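**Q** As you go down the protein sequences, you meet chains D and W in turn. Reminder that position 81 of the first sequence reads as 81 in my numbering, one-by-one numbering, no gaps. With the second sequence counted from 1, adding 118 to any position gets you my numbering.
Check each hint, because a few of them may be wrong.
[What the hints assert, rightly or not] Subject to a maximum C-alpha distance of 25 Å in a straight line, what follows is the list of computed DSS-like cross-link-like pairs (lysine-lysine): (1) Lys105/D / Lys135/W; (2) Lys54/D / Lys183/W; (3) Lys135/W / Lys187/W; (4) Lys54/D / Lys136/W; (5) Lys105/D / Lys68/D; (6) Lys105/D / Lys183/W.
Hints listed in this document are in silico derivations from the structure and should not be mistaken for laboratory results. This structure is a prediction, so every number in the text was calculated from the model and none was measured.
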Amino acid sequence: KNEVEQSPQNLTAQEGEFITINCSYSVGISALHWLQQHPGGGIVSLFMLSSGKKKHGRLIATINIQEKHSSLHITASHPRDSAVYICAVSMGNELQVKTNFGNEKLTFGTGTRLTIIP
Amino acid sequence: EAQVTQNPRYLITVTGKKLTVTCSQNMNHEYMSWYRQDPGLGLRQIYYSMNVEVTDKGDVPEGYKVSRKEKRNFPLILESPSPNQTSLYFCASSLGPDLREDTGELFFGEGSRLTVL
């Protein structure tokens with residue numbers, strides 16, 4: 001069983017729809033990353049979270065440490081949002097979160113392929 | 119322009135012929151790391167480095183070596199490549215692990231597609 005599970009694996013939606021991609025993990029973490037991989041293969045960092053919620057433009061990322069779950073939301077989706085979205089966790093513990101230490105070893109989900117149809 | 123540069127971008131080689139994939143960043147980042155991406159398996163970490171002369175194994179280090187002699191460079195060395203190392207390789211860097219400063223954003227290189235025959 002993967003330590004990081006993403007759902008759904010594939011998602012097709014109409015332009016303008018609200019999108020939610022989920023990430024669940026089974027171990028303690030110090031931080032969680034959301035990445036976007038474009039059709040051309042390049043990877044861009046969207047968010048790094050250790051608690052709460054972050055917003056950037058139409059993208060919102062939330063994390064619930066107790067439930068070991070994170071969600072990535074896209075509002076007013078657009079065809080240019082079509083990409084693979086990857087969740088990655090930095091293994092750690094509460095002490096590392098308290099001492100604000102993250103990154104190091106990363107374990108990745110297998111990604112969610114999002115297609116937005118005009 | 120802030121960037122992570124990998125070379126070569128594409129390489130076809132033969133089993134056993136030593137090769138090095140270079141990675142360089144111009145952002146004075148402390149943290150650098152190598153990943154491989156394979157269909158169905160996603161991204162997996164090979165090695166990472168927290169600073170100069172400090173390296174550690176990721177999840178799939180077998181068959182690879184790294185060095186961090188300078189802050190900006192983190193080459194990946196395949197001493198004797200084998201066909202199961204055919205993959206898409208990414209290098210990434212970040213300022214460091216200090217969550218207070220939100221410095222953990224990862225900057226990725228464009229990827230190096232390696233084929234070992």
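**Q** Please go over all the hints and tell whether each is borne out by the structure.
**A** Each hint tested on the structure:
1. Of the supplied pair hints, the one linking Lys105/D and Lys135/W is violated, its CA atoms being roughly 29 Å apart against a limit of 25 Å.
2. Between Lys54/D and Lys183/W the CA atoms are separated by roughly 37 Å; this puts the pair beyond 25 Å, and the hint is violated.
3. Straight-line distance between C-alpha atoms of Lys135/W and Lys187/W comes to about 23 Å, which keeps the hinted pair within the 25 Å bound.
4. Under the criterion of a C-alpha separation no larger than 25 Å, the hint pairing Lys54/D with Lys136/W is inconsistent with the structure, at around 44 Å.
5. A threshold of 25 Å between alpha carbons decides the hint, and for Lys105/D with Lys68/D the separation of about 18 Å falls inside it, so the pair holds.
6. Straight-line distance between C-alpha atoms of Lys105/D and Lys183/W comes to about 17 Å, which keeps the hinted pair within the 25 Å bound.
Of the numbered hints listed earlier, those contradicted by the structure are 1, 2, 4.
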